[in-house]
Amino acid sequence: HEDAGAYGETLLLNELERLKSGGVIGEYGSTHNMVFNNRNFELDGYAMVPGLGIIVMEAKFYSGKIYPGNMPHWDNIKTDGTNAPKKNPCVQLERSTNLFTELLESKGLFRWPVYSMVIMSHPGIQMVWGDSEPQYTVLGINMLEDFIRHDMQQDASIAFSNRDYAEIRDALQVHYREYVDRSAEYAN
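According to my numbering, the sequence shown is numbered sequentially starting from 31.
Keep in mind that a hint or two might mislead.
Pairs of lysine-lysine, DSBU-like flavour, derived with a Cα cap of 35 Å [to be verified]:
1. K50 / K117
2. K137 / K108
3. K116 / K95
4. K137 / K50
5. K116 / K50
6. K137 / K117
7. K95 / K108
8. K95 / K137
9. K108 / K50
Hints are computed from structural coordinates only; laboratory data are not their basis.
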């Protein structure tokens with residue numbers, strides 16, 4: 031559902047604003063319709079966190095029970111008991127993170143550690159863990175602050191200046207492309 035996805039991204043950005051206001055993170059943002067090296071990508075959210083580095087986030091607004099793991103699809107059991115399997119979001123996150131870091135490298139801006147996380151933004155999501163670990167950290171949105179504050183290794187030497195924030199933002203803006211829907215051209 032595209033509307034649910036957009037809503038989940040909005041919830042993530044609202045949480046990032048709250049974390050910035052509370053001094054947990056520095057600058058943050060999101061991107062859409064990015065093109066780098068002729069490949070499209072987007073960042074549902076990213077945060078520059080003093081003491082840590084940059085966190086790239088993929089937001090998902092799944093409901094019911096989700097079974098994260100290192101497989102192509104994750105089971106998503108709805109409240110009516112039906113399974114609506116979802117593509118493993120870690121695959122998309124890996125692609126986005128790789129293109130983001132390549133973009134930073136191309137601009138001489140790959141100077142900080144980069145982390146990847148899937149953020150489940152639906153407040154009622156239940157994550158059920160099995161034997162298969164997902165490729166990246168998967169958190170409920172309500173767990174993000176504690177994870178940043180307590181579970182990630184802090185390094186006081188990792189810092190961002192206002193210039194750093196601006197350079198990263200500008201590097202991303204240069205690669206934004208207006209979305210053109212060409213689906214009608216391929217309908218026949």
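These are the hints, each one checked on the structure:
At most 35 Å may separate the alpha-carbon atoms for a hinted pair to count; K50 and K117 meet this at roughly 31 Å. Proximity of K137 to K108 is assessed by CA-CA distance (about 44 Å); at most 35 Å being required, the pair is judged violated. Only pairs whose Cα atoms come within 35 Å are accepted, and K116 paired with K95 is accepted, the gap being roughly 11 Å. Between K137 and K50 the alpha-carbon distance is near 26 Å, which keeps this suggested pair within the 35 Å criterion.
Pair hint K116 plus K50 holds up; C-alpha atoms about 31 Å apart against a cutoff of 35 Å. About 32 Å separates the Cα atoms of K137 and K117, which keeps this hinted pair within 35 Å; it holds. In summary, the hint linking K95 to K108 is supported, as the alpha carbons are separated by about 7 Å, within the 35 Å threshold. For the hint pairing K95 with K137, the CA-to-CA distance comes to about 41 Å; that exceeds 35 Å, so the pair is violated.
Taken as a hint, the K108 and K50 pair is honoured in the structure, with Cα atoms around 33 Å apart against an allowance of 35 Å.
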